[in-house]
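Student: Letter by letter, the chains look like this.
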Amino acid sequence: MTRTLISGARLLGDATGDLLVQDGVIAEVGSLGGTAADRHIDADGLVALPGLVDLHVHLREPGREDAETIATGSAAAASGGYTAVFAMANTSPVTDTAEAAEWILDLGRACGLTEVVPVGAVTSGLAGERLAELGLMARSRAKVRVFSDDGHCIHDARIMRRALEYIRPFGGVISQHAQDPRLADASACCHEGEVSGRLGLPGWPSIAEESIVARDVMLARHTGSRVHVAHVSSAGTVEVLRWAKAQGIAVTAEVTPHHLVLTTDLLAEYDPVYKVNPPLRPAEDVEALRAALADGTIDIVATDHAPHARHDKEHSFLDAAFGMLGLETALSVVSDVMVASGRLDWADVARIMSSRPARIGGLTGQGASLAPGSPANITLVDPDRTITVDAAASRSRSRNNPWHGRTMRGAVHTTMYRGRVSHTIDTDHATEYAQ
Amino acid sequence: MSRHLISSADLSRTDIEGILATAESMHDLQRRDVKKVPTLRGRTIVNFFFEDSTRTRSSFEIAGKWLSADTINLSAKGSSTSKGESLRDTAMTVSAMAVDALVIRHGASGACRQVSQWVRCSVINAGDGMHEHPTQALLDAYTLRTRIGELDGKHVVIVGDLTHSRVFRSNVITLAALGARVTVVAPPTLMPSGIDAWSETDGFETSWDLDTVLAGGDPVDAVMMLRVQRERMSGGYFPTAREYTVGYGLTRDRLDRLVARNADVLVLHPGPMNRGLEIAADAADAPQSVVLEQVSAGVAVRMAVLYHLLAGEDAGSTRPAAPGAA
Numbered sequence: 014m015t016r017t018l019i020s021g022a023r024l025l026g027d028a029t030g031d032l033l034v035q036d037g038v039i040a041e042v043g044s045l046g047g048t049a050a051d052r053h054i055d056a057d058g059l060v061a062l063p064g065l066v067d068l069h070v071h072l073r074e075p076g077r078e079d080a081e082t083i084a085t086g087s088a089a090a091a092s093g094g095y096t097a098v099f100a101m102a103n104t105s106p107v108t109d110t111a112e113a114a115e116w117i118l119d120l121g122r123a124c125g126l127t128e129v130v131p132v133g134a135v136t137s138g139l140a141g142e143r144l145a146e147l148g149l150m151a152r153s154r155a156k157v158r159v160f161s162d163d164g165h166c167i168h169d170a171r172i173m174r175r176a177l178e179y180i181r182p183f184g185g186v187i188s189q190h191a192q193d194p195r196l197a198d199a200s201a202c203c204h205e206g207e208v209s210g211r212l213g214l215p216g217w218p219s220i221a222e223e224s225i226v227a228r229d230v231m232l233a234r235h236t237g238s239r240v241h242v243a244h245v246s247s248a249g250t251v252e253v254l255r256w257a258k259a260q261g262i263a264v265t266a267e268v269t270p271h272h273l274v275l276t277t278d279l280l281a282e283y284d285p286v287y288k289v290n291p292p293l294r295p296a297e298d299v300e301a302l303r304a305a306l307a308d309g310t311i312d313i314v315a316t317d318h319a320p321h322a323r324h325d326k327e328h329s330f331l332d333a334a335f336g337m338l339g340l341e342t343a344l345s346v347v348s349d350v351m352v353a354s355g356r357l358d359w360a361d362v363a364r365i366m367s368s369r370p371a372r373i374g375g376l377t378g379q380g381a382s383l384a385p386g387s388p389a390n391i392t393l394v395d396p397d398r399t400i401t402v403d404a405a406a407s408r409s410r411s412r413n414n415p416w417h418g419r420t421m422r423g424a425v426h427t428t429m430y431r432g433r434v435s436h437t438i439d440t441d442h443a444t445e446y447a448q
Numbered sequence: 013m014s015r016h017l018i019s020s021a022d023l024s025r026t027d028i029e030g031i032l033a034t035a036e037s038m039h040d041l042q043r044r045d046v047k048k049v050p051t052l053r054g055r056t057i058v059n060f061f062f063e064d065s066t067r068t069r070s071s072f073e074i075a076g077k078w079l080s081a082d083t084i085n086l087s088a089k090g091s092s093t094s095k096g097e098s099l100r101d102t103a104m105t106v107s108a109m110a111v112d113a114l115v116i117r118h119g120a121s122g123a124c125r126q127v128s129q130w131v132r133c134s135v136i137n138a139g140d141g142m143h144e145h146p147t148q149a150l151l152d153a154y155t156l157r158t159r160i161g162e163l164d165g166k167h168v169v170i171v172g173d174l175t176h177s178r179v180f181r182s183n184v185i186t187l188a189a190l191g192a193r194v195t196v197v198a199p200p201t202l203m204p205s206g207i208d209a210w211s212e213t214d215g216f217e218t219s220w221d222l223d224t225v226l227a228g229g230d231p232v233d234a235v236m237m238l239r240v241q242r243e244r245m246s247g248g249y250f251p252t253a254r255e256y257t258v259g260y261g262l263t264r265d266r267l268d269r270l271v272a273r274n275a276d277v278l279v280l281h282p283g284p285m286n287r288g289l290e291i292a293a294d295a296a297d298a299p300q301s302v303v304l305e306q307v308s309a310g311v312a313v314r315m316a317v318l319y320h321l322l323a324g325e326d327a328g329s330t331r332p333a334a335p336g337a338a
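Here the protein sequences come in this chain order: A and B. Heads up, the first sequence is in my numbering, so the first residue is 14 and it goes up one at a time. Heads up, the second sequence is in my numbering, so the first residue is 13 and it goes up one at a time.
Calculated from the structure, these hints are not laboratory results. Think of the CB as a built atom: it goes at the ideal place given N, C-alpha and C, for glycine as much as any other residue. A portion of the hints provided could be inaccurate.
With beta-carbon atoms standing in for the labels, derived distance ranges [stated by the list, open to error]: (1) A:GLU282 <-> B:ASP64: 24 to 30 Å; (2) B:GLY288 <-> A:GLY261: 42 to 48 Å; (3) B:TRP130 <-> A:PRO385: 53 to 59 Å; (4) B:GLN42 <-> A:ALA405: 51 to 57 Å.
Isolated chain A, as found in the complex:
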């Protein structure tokens, strides 16, 4: 079996060491200068992290293969440094049965570029009315542990309560898209504030998120179950989370890269590339989210990667689809905003983008430490490389990339999934790896 030696990497950004990978597993770690290997990756100056894990992506297959497929989404994930992605259930048909979940699992395995983990719908058809077959999805080969109606809020308190209770025996978690539909209906598309007032766009007030999160943390306390808050966008939600965690409530939360950087004022020209749900918030919220990520109130970064066919973004702002790409740029955004500024170090990045999301999602074999015996899911990052994002260069099938033209410091160099290089910018070796 092939032996690959990764030499000179700073492990989690700290001490320099070599990693010997054999049979898809990290065989040795240390000073391995004289070790024989079939391949050699010179990682001098690079940071080695456990492969990144994204708890929240939309891969669009089945149903919208013109926007993304499991294959193109897997490729985008690999180039973003991800070795596992959780594929949301709002496909067509919806992932609300064991069979549908296994189909996605198998398709992901066939692609072999990243681990594709299906998220199961909480309610049948995402209709919010009756529970989907949560237990059968959990018992299936896909071993579904994360359940979400993402795209829709589970707004019925009784359904939410029952779902939280029901998933306890198999250690599941409900990932909630927090949006009270009475306070922010389907037309709501701009943070409610001065910009929405001036632009005449239907407001999406922060309270529509905060009130659901407040309710859900109380339901989590009441049921003793786990709730995860998807794409936290407001400072008020951060306050609720901080309180809930202080009470010992089993709540976790994610923030997207875009909510860590992009702000409401970008909507001024009505460019639908900036239309996303929940909406981009003002700078005060952005700062609160960065602080919450730094102090652990927000557990992880998840992309909410949401590819859309070009024509679905070429409607009026009101009619255009919600969502933006994120897989290929997330690490650079976090590096630029959180690491280069000194608010997080690389060990923190390993936590918020790998080990913690893997743990929340109940995924073994991912997010493990860079130690002998761990699966060889490794992301090498060049912390000093500056990139300028080019939407056209994406491996995603879609181009709704709000980061186009932005320059960021820190970029993925090489991704290794189960001992095989799934992505590298090292063009000298790209052909060799792509076998």
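Given chain A's structure and the hints, the job is docking chain B onto it.
Tutor: For chain B alone, kept in the frame of chain A given last:
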């Protein structure tokens, strides 16, 4: 002046005054027997209305015809989303017919801004969702100036459903540019979000209490009543029509109080009016009411806008190459 008119903020005070001066000469034309001038002969204007409109569309259509342009009306209510065609495809299709100007009414805020970034012709916003309606603001300014002269220091009060009103959003910009003092009045539920910060930046005042404003320091020179849609009641914006009228309607009594302080006060309404709701019938028909003058000014102002965009000194950029046979 830009080749588009998307927002009232696209126009400087000089631009506005230029358009209003042109509108005056256009208005003179309307009093002749033969109203047509050859200014835009050979030019094509498409009135593309994605949303119903009677007065704005006919006003633009007449304006184009009196300038001798070929005007075509397209109605596409609901078609873009129901047929699945994107706004961009629809706009590019029409633009491909070598039109000179697209006059667009759309139910979605920002649609005109988006279209202007895709097409090569001039785009004129004839009302986009809850965003703006710049020619309405121009015709309101024209009507006011015809009656009360320069607007510097004049006090204009705008009352009604500000949240959903594109007329309000354009008027505060144009009136402020012309030096008017503007106060906007609505119940808190019909105040646009963030208006406290916004009004401070843009230099207008807000109030929840119409009677206090009417009795306040400066006498009111004009009051502009905005249409209030009855369906807003089901959205919880206000309890009943009766309660709205008591709080915010231009009743006979309120008009009498206005006239007592300023005999020359004007009453404006962009139409269509809900008589008995935001405006009492005898206020709508009072001598102070200039509602029909607004309509009449609409044609002259739209002629002036078309003239400035398509035939003015700096309008060359949109002029297509002359055909060889010409």
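Student: Let me make sure I understand: some of the numbered hints might not hold for this structure. Which ones are they, in numerical order?
Tutor: Those not satisfied come down to hint 2.
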